[in-house]
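Engineer: Residue numbers (numbering that gives the first Met the number 0), protein chains in the order written: chain A, 0 to 181; chain B, 0 to 382.
What the hints contain is simulated information worked out from the structure, not anything from laboratory work. Every value quoted in this text rests on a predicted model; they were computed, and no experiment measured them. One should not assume that every hint holds.
[Said to hold, decoys possible] Below, a list of computed lysine-lysine pairs in the DSS-like style, where the Cα atoms sit at most 30 Å apart: (1) B:62 x A:67; (2) A:52 x B:203; (3) A:56 x B:37; (4) A:67 x B:203; (5) B:61 x A:56; (6) B:265 x A:67; (7) A:172 x B:37; (8) B:307 x A:85; (9) B:265 x A:56; (10) A:172 x B:265; (11) A:159 x B:60; (12) A:52 x B:60; (13) B:218 x A:172; (14) B:265 x B:307; (15) A:85 x B:41; (16) A:85 x B:231; (17) B:231 x A:156; (18) A:56 x B:307; (19) B:307 x A:52; (20) A:159 x B:61; (21) B:62 x A:172; (22) A:56 x B:41; (23) A:139 x B:73; (24) A:67 x B:218; (25) B:61 x A:172; (26) B:265 x A:52; (27) B:265 x B:231; (28) B:37 x A:134; (29) B:231 x A:172; (30) A:134 x B:265; (31) B:60 x A:134.
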Amino acid sequence: MGGKEKDRRIDLSETARFKAEYEQYFSALKYFALHYIGDEEIVCDLLQDFFVKLWEKGESFDNELAFKTYLYRSVRNNCLCYLRDKRRREAHMAEYEPEETEEAFVNRIIEAEIYALINEVFEELPMATRRVYQKSLEGKTHREIAEELNIAINTIKKHKNNANHYLRIRLEKLLSLIVYLG
Amino acid sequence: MKTDELKAILVRYLWGCATEEEMLLLKRWQAESEENRKLWQKLTSTLFLQRAVGDHNQEQKKKVWKHIVAVRQKRVGRLHWLKVAAAVLLPLLGGMAVWLLQNRTEGAGTTEMVAQQIQAGSSKAIIELPDGKQLLLGNDTVLNIKNRGVLLVNRRDTLNIVNSRSGQTSTGGFHIIRIPWGGEYIARLEDGSVVHLNAGSELKVPLDFGVNNRDVWLKGEAFFDVARDRSKVFTVHTEKACVSVLGTEFDVRAYQDEEMLTTLVKGSVEVVSGRVAGRLHPGEQARVTAEGNLSTAQVDVYPFIAWKTGRMVFENARLEQIMTELQRWYDFEIFYANPGVKDMRFTIDILKYDDISKILNLMAKMQKVTFTQQGRTVVLNRR
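Given only the sequences and the hints, what does the whole structure look like? Please build it.
Structural biologist: Here's what the structure looks like:
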């Protein structure tokens, strides 16, 4: 259990199944939608409406790939619809709407899913460890981080070591799942 | 390169653990198109990683999920009201028909009331075959049908489902056993597992049951006595969660609009709702709420499985819950003249094959409540 088979039918009329799919795709879809609409609150509202309707329809899909394609396409359409309506309201009718190629669309999905994967693993780490990581990504030295967060340099090293170890194991596990899916 | 493979290599690169071969693949991939190069730049930017590391999706995910469930329940609630309206209107129409009939036949001297007493349930089941054909099974129906390589045998309230698969593989069809309100049935599955189905329940058994694993789909309540087979997991799928076992005895209660309960008598089962899973030991019960939250606790098993030994047991239960339960078994309508009585509490242990008036009289003695039977409707009021 837990692992999903690629060719398994996805029946959204089962609440358990629906919830599992929601949990799996929420982060990636949010990131994906944010590309079209920069406002997180609006994106969350759109996703909420989208999932409510999806649940109501209770459709089923032949396999994971069909379902995934449907998800990203629908969310993109919802975003574009929202933008169109908004533009109409604001009377910027003439604004240029770039036509997106299929390749760009697929790459955006890859980007969103990598984002969700990394985010999921980091969300499992303690807050303090994440903060150290963020600071170090901002290009700060151990000394600077130590001063800002008011902790010892050794503690920072410990945080990073623990995290690196954990992240590697977790990511490898998630990755093996991806390859299995692929 | 397939996208999933690409994804894995990209993540490995970001983690500094890509092999030389993989690096080469990435180089080639980048050179393929402008879009690929753009994605590469994006993924390797600090901004991207910062966002992925710092975002708080879990909290947001939970919040949005709550909203989704709330909106959903409001909509389902609306449907529920329609059902209630229908439940009230239909008996009224039925009543009118009876009245009209009576008036018409009065001249002929027959004043016999149409039997409208509330009776205890009995063994009743409807079987739906994979081709959509339905069969009603009463007390002593004997059934011996060969249908698409399937043999149904019914002996004394026990329904044996035997799939005589003559080399043919799964057709994707189901046998559906529906137990109406006031009904009860015992089904014996091909692997020897026995399922007691309570009133108002439905069990779906795929034609290829037992070929790879043993999967069944349940709405309502059933007690499972699963035959041991270590090589084939037995899974009960319900709207809210799945219960998986190898061989044991347990009760699953998954009526709509109610929390789902799984009570374990013997052995060990696993309950999975979304991504959360819980393992039960004998005497434990798992509860799954409408939001899909799962919790486990030690319980006294007896009240939860008493129904299958012909008893109804309530421990300090609300009257409304008791009436809903009685309704499933005796199939009647309820009207609360005083809704305040719904919160009265009772502890009862009684044989359910008795006349319903016995239970009602008993409750009337215990608390300040009255039950009046009007045709198929029981009216509740405060005394």
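Engineer: A separate judgement is required for each hint: does it hold in the structure or not?
Structural biologist: Evaluation of the provided hints:
1. B:62 x A:67: Within the cut-off at roughly 23 Å; holds.
2. A:52 x B:203: holds (26 Å)
3. A:56 x B:37: violated (37 Å)
4. A:67 x B:203: holds (28 Å)
5. B:61 x A:56: holds (22 Å)
6. B:265 x A:67: violated (40 Å)
7. A:172 x B:37: holds (28 Å)
8. B:307 x A:85: violated (59 Å)
9. B:265 x A:56: Status violated; Cα separation ~38 Å.
10. A:172 x B:265: violated (34 Å)
11. A:159 x B:60: Judged against 30 Å, a Cα distance of about 27 Å means the pair holds.
12. A:52 x B:60: With Cα atoms ~17 Å apart, residue 52 of chain A and residue 60 of chain B stay inside 30 Å; holds.
13. B:218 x A:172: It is violated: about 35 Å lies between the C-alpha atoms, which goes past 30 Å.
14. B:265 x B:307: With a Cα-Cα distance of about 16 Å, the restraint between residue 265 of chain B and residue 307 of chain B holds, given a limit of 30 Å.
15. A:85 x B:41: Answer holds: residue 85 of chain A to residue 41 of chain B is near 28 Å, not above 30 Å.
16. A:85 x B:231: violated (55 Å)
17. B:231 x A:156: violated (48 Å)
18. A:56 x B:307: This hinted pair is violated, its Cα atoms lying about 36 Å apart.
19. B:307 x A:52: Outside the cut-off at roughly 39 Å; violated.
20. A:159 x B:61: The given pair, whose Cα atoms are some 28 Å apart, holds under the 30 Å limit.
21. B:62 x A:172: Judged against 30 Å, a Cα distance of about 28 Å means the pair holds.
22. A:56 x B:41: violated (36 Å)
23. A:139 x B:73: Violated. Residue 139 of chain A to residue 73 of chain B sits at ~50 Å, over the 30 Å cutoff.
24. A:67 x B:218: With a Cα-Cα distance of about 28 Å, the restraint between residue 67 of chain A and residue 218 of chain B holds, given a limit of 30 Å.
25. B:61 x A:172: holds (24 Å)
26. B:265 x A:52: violated (41 Å)
27. B:265 x B:231: holds (18 Å)
28. B:37 x A:134: Holds. Residue 37 of chain B to residue 134 of chain A sits at ~26 Å (cutoff 30 Å).
29. B:231 x A:172: Distance of about 26 Å is within 30 Å: holds.
30. A:134 x B:265: violated (53 Å)
31. B:60 x A:134: Distance of about 25 Å is within 30 Å: holds.
Violation of the numbered hints given earlier is confined to hints 3, 6, 8, 9, 10, 13, 16, 17, 18, 19, 22, 23, 26 and 30; the remaining hints are satisfied by the structure.
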